[in-house]
Amino acid sequence: MTRLISLFSAAVMTALTFAAPAHAAVDIQEVTSEKGIEAWLVEEHSIPFTALEIRFEGGTSLDREGKRGEVNLMMATLEEGAGDLDSQGFAKARDALAASFKFDAYIDSVTISARFLTENRDEAMALLRQAIMEPRFDQDAVDRVRGQVQSILRSSATDPGDIASNTFYNMAFGDHPYGTDANGTFESLASLTREDMFTAKERTMTRDRVLVGAVGDITAEELSELLDTLLGDLPTGGAPLPDRVEPALTGGTTVVPYDTPQSVVIFGHKGIERDDPDFIPAYIANEIFGGQSDSRLMEEVREKRGLTYGISSYLVPFDHSELIMGRFSSGNGAVAEAVEVVKDEWAKIAQDGLTEDELEIAKTYLTGAYALRFDGNGPIARILVGMQAQGLSPEYIATRNDKVNAVTLEEVNAVIKGLYDPENLTFVVVGQPEGLSVN
Amino acid sequence: MKYGLMAAVIAVTGPGLISSVQAAEVSTTTLDNGMEVVVLEDHRAPVVAHTVWYKVGAADEPLGKSGIAHFLEHLMFKGTDDLAAGELSETVTRNGGSDNAFTSWDYTAYYQRVAADRLGLMMEMEADRMRDLEMTEDDVRTERQVVLEERNQRTDNDPGALFMEQRNAAQYLNHPYGIPIIGWRHEMEQLNRDDAFAFYHRYYAPNNAILVVAGDVEPEEVFELAETYYGPLEPTPDLAPRVRPQEPPQLSERRLTMDDSRVAQPYVMRSYLAPERDPGAQEKAAALEILAALLGGNSTTAYLARKLTFEDPKAIYVGSYYNGTTIDDGTFGLIMVPTPEVSLEEAEAALDATVAQFLQDGVDLEEFESLKTQLRAGRIYAEDNIEGLARQYGQELAIGLSLNDIEAWPEILQAVTPEDVMAAAEEIFDRRKAVTGWLMPSASETEETAG
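Chains as they are written, first to last, in the numbering used here: chain U, 3 to 441; chain W, 125 to 575.
By construction, these hints were calculated from the structure, which means they are not laboratory data. Misleading hints may appear alongside valid ones.
What the hints assert, rightly or not - Taking lysine-lysine pairs in the DSSO-like style, the calculated list, with each CA pair at most 30 Å apart, reads: (1) W/K408 to W/K496; (2) U/K306 to U/K272; (3) U/K350 to U/K405; (4) U/K405 to U/K306; (5) U/K104 to U/K94; (6) U/K345 to U/K419; (7) U/K350 to U/K306; (8) U/K405 to U/K419; (9) U/K69 to U/K350; (10) U/K350 to U/K419; (11) U/K272 to W/K438; (12) W/K496 to U/K306; (13) U/K104 to W/K189; (14) U/K94 to W/K189; (15) U/K272 to U/K350; (16) U/K37 to U/K104; (17) U/K306 to U/K419; (18) W/K496 to U/K69; (19) W/K189 to U/K69; (20) U/K405 to U/K272; (21) U/K94 to W/K496.
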């Protein structure tokens with residue numbers, strides 16, 4: 003033994019486990035502009051730039067019948083010309099200011115993530131305003147971006163991971179927007195017109211659906227003015243949100259034959275709503291089961307048996323439905339055993355719940371890790387918007403760890419009984435699995 | 125819009141231009157046993173990143189043992205004489221932190237991200253596994269299955285990754301950069317405990333390691349902790365300098381075609397052997413970095429995009445990259461994903477003609493100035509991501525650049541002139557040093573798609 007220093011004793015190690023977690027010192031101001039746009043702000047003047055996150059609730063789930071892909075295509079084309087600037091002109095103007103604007107489309111929201119320097123904030127915001135208020139959707143731009151989306155669709159059709167998730171969501175949600183690819187189909191994409199882009203924008207980007215988070219070198223007054231410039235003239239009245247949908251997952255294993263050496267597996271069933279009072283206990287349970295890097299699933303499938311490189315599970319609270327899901331990949335010869343292990347673990351947690359020790363591990367991890375999420379202006383701006391979407395108050399940050407710590411073993415195990423349902427656990431396997439029993 | 129598919133292809137190219145900057149307070153010391161210590165301060169949040177960089181990677185492996193550097197990285201999470209298998213990660217988790225590791229051709233790195241007051245504990249455990257790793261035959265057998273599954277997932281299940289592996293092997297005639305980091309499957313299957321320990325004992329030592337700590341810490345305090353935990357470790361005597369087999373003159377162009385039924389979107393890639401950033405001599409690399417950005421660094425205003433997706437639309441995506449943050453020769457690359465009606469042959473011809481036109485046209489001065497502005501702004505934005513900075517410093521120090529080199533890099537980039545860029549372009553596009561690859565669907569698939 004060449005060891006020259008001694009480790010902490012086990013007792014010291016345990017004591018450290020219960021040391022107070024780092025505190026996320028985030029001072030949130032609620033700002034309302036003259037025109038009534040609301041935002042959350044964290045002032046952080048040490049670096050001369052601001053991160054601005056804008057989210058419109060609704061997202062690609064607002065696609066009209068037969069127009070699947072319109073919101074996604076619209077968001078991808080927003081930066082392709084606005085006002086008197088064509089696609090090239092817009093990009094040049096943005097780059098000359100060294101600003102960045104990211105436009106994304108998700109199932110329940112569309113987002114704009116902007117980053118801009120203090121020294122040219124007004125110019126950067128004037129440019130972003132053009133993209134939001136006066137997008138051109140020039141025909142050549144729409145066609146060019148449509149070509150990119152078609153290319154993504156082609157690739158997706160031969161990607162085992164995409165085949166697995168598309169199959170799984172389709173089984174769960176059928177014709178509901180949650181059940182189909184937000185990129186659209188070749189047919190629906192081909193039918194989308196320039197007019198559809200303007201309509202899709204009108205339906206999704208409205209004042210009554212907007213949430214804003216700002217972090218960085220900007221005061222409340224400056225932000226208030228910026229909000230009116232940027233968003234004050236948006237129309238109100240977004241398209242009706244989609245109906246609630248129950249996931250139609252009732253167990254069984256579906257194999258999609260695909261010639262590739264490693265099978266991709268997705269599994270899951272109905273989950274738990276984000277604003278359910280039991281969400282935190284459910285989150286704790288998943289953390290131990292398949293959330294963290296030394297979860298039960300990682301231990302059983304990877305560490306003990308070497309059947310996969312990685313496996314995880316997660317809660318998926320959509321706005322109008324919810325799932326608990328997981329995913330992994332295993333060689334075609336190993337996948338049958340891995341699926342059996344996952345089934346056994348699912349049954350085991352449903353039957354026995356967590357142990358006291360596991361609950362403590364999850365609590366110390368989750369409470370300690372919370373502060374680590376607040377790492378940089380952009381990530382904090384996204385957290386602020388996420389909290390607003392969930393209907394949380396700014397005080398949540400200070401009390402969140404107490405809520406985690408307050409969960410008892412009885413509570414978490416009661417929630418587990420209602421959540422993990424081995425009967426309805428549904429698997430989709432894409433590959434050439436050997437010896438897998440399909441039912 | 126950003127083109128998602130190609131992000132994955134380009135991800136092999138290393139750090140982007142914008143992040144190649146320095147910001148934040150930097151302090152440094154060297155322990156008596158040879159371990160370098162670098163501290164980057166950011167006091168905005170009570171968090172620290174603790175990272176240890178070993179100056180050894182896949183390009184330092186013995187012949188026939190491909191994948192051992194990466195396999196060892198996995199085995200480092202097994203036990204030591206004082207820690208049970210998995211205990212290190214478990215302890216990090218119990219302290220609310222996260223940990224991971226990564227292996228490249230030139231370095232292997234381990235990091236934890238945790239509340240700043242747990243730094244000592246992280247050092248204690250990381251120091252422990254630097255010299256006292258233990259593993260059973262059983263650990264090795266199971267973990268070998270895990271890395272084979274990792275190869276399945278990252279490479280064998282992805283025709284684009286297989287294609288990259290083949291092109292890379294063709295790019296290097298003699299240098300081990302031509303061998304995949306994860307390893308060739310037939311060699312990975314044979315890797316054993318003795319191989320892992322031989323590599324470990326030789327290369328995992330304080331005089332072959334760099335500690336980079338970034339976050340809410342005071343340098344003096346970090347130096348003291350480092351002295352306490354890493355200071356007592358024995359160095360490896362007589363560590364030889366990192367000399368790898370070098371490339372002979374490359375005299376003949378190489379061309380590859382690969383088809384796979386899982387390919388839906390064909391593309392053409394060309395890579396040229398390129399000089400890397402050298403200590404004290406980064407000027408040529410800086411010119412190549414600017415060239416890559418001007419020619420194909422974005423999908424709208426860069427020269428290739430302007431010509432091939434806007435003026436005469438033949439490409440869904442077209443770009444260029446420079447990968448020169450390496451110890452030995454790196455690569456400069458071009459990629460074009462053609463529109464459905466354009467064949468790979470036409471795509472390659474258009475790409476070549478456009479590069480030839482660029483050599484005629486020269487640098488667009490407006491674009492050039494805009495890029496310089498973005499580089500300056502990049503230094504401001506980079507301050508917001510202290511861990512990104514820690515990663516950049518670790519990576520650059522591990523390939524032998526000094527702190528002076530790292531700090532000089534932004535100025536060297538700013539000092540690049542349009543003439544420097546064109547001179548670099550004239551020199552780099554030498555087909556004798558190039559590999560051109562076409563990736564396409566299998567013939568039968570093409571017919572199906574067409575029908």
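Going through the hints against the structure:
1. W/K408 to W/K496: Roughly 17 Å separates the two Cα atoms, so the pair holds.
2. U/K306 to U/K272: Answer holds: U/K306 to U/K272 is near 29 Å, not above 30 Å.
3. U/K350 to U/K405: Between U/K350 and U/K405 the Cα gap is close to 26 Å, so the pair holds against 30 Å.
4. U/K405 to U/K306: Outside the cut-off at roughly 34 Å; violated.
5. U/K104 to U/K94: 15 Å, holds
6. U/K345 to U/K419: Distance of about 15 Å is within 30 Å: holds.
7. U/K350 to U/K306: Holds - the C-alpha atoms of U/K306 and U/K350 are around 17 Å apart, at most 30 Å.
8. U/K405 to U/K419: 21 Å, holds
9. U/K69 to U/K350: Answer violated: U/K69 to U/K350 is near 44 Å, above 30 Å.
10. U/K350 to U/K419: 11 Å, holds
11. U/K272 to W/K438: Not satisfied, since the Cα-Cα distance of roughly 46 Å exceeds 30 Å.
12. W/K496 to U/K306: With a Cα-Cα distance of about 52 Å, the restraint between W/K496 and U/K306 is violated, given a limit of 30 Å.
13. U/K104 to W/K189: The hint is violated at about 44 Å.
14. U/K94 to W/K189: The hint is violated at about 49 Å.
15. U/K272 to U/K350: Within the cut-off at roughly 18 Å; holds.
16. U/K37 to U/K104: 25 Å, holds
17. U/K306 to U/K419: Given pair U/K306, U/K419 holds - Cα atoms ~26 Å apart, limit 30 Å.
18. W/K496 to U/K69: Violated - the C-alpha atoms of U/K69 and W/K496 are around 42 Å apart, more than 30 Å.
19. W/K189 to U/K69: 54 Å, violated
20. U/K405 to U/K272: 24 Å, holds
21. U/K94 to W/K496: 13 Å, holds
Hints 4, 9, 11, 12, 13, 14, 18 and 19 from the earlier list are contradicted by this structure; the remaining hints agree with it.
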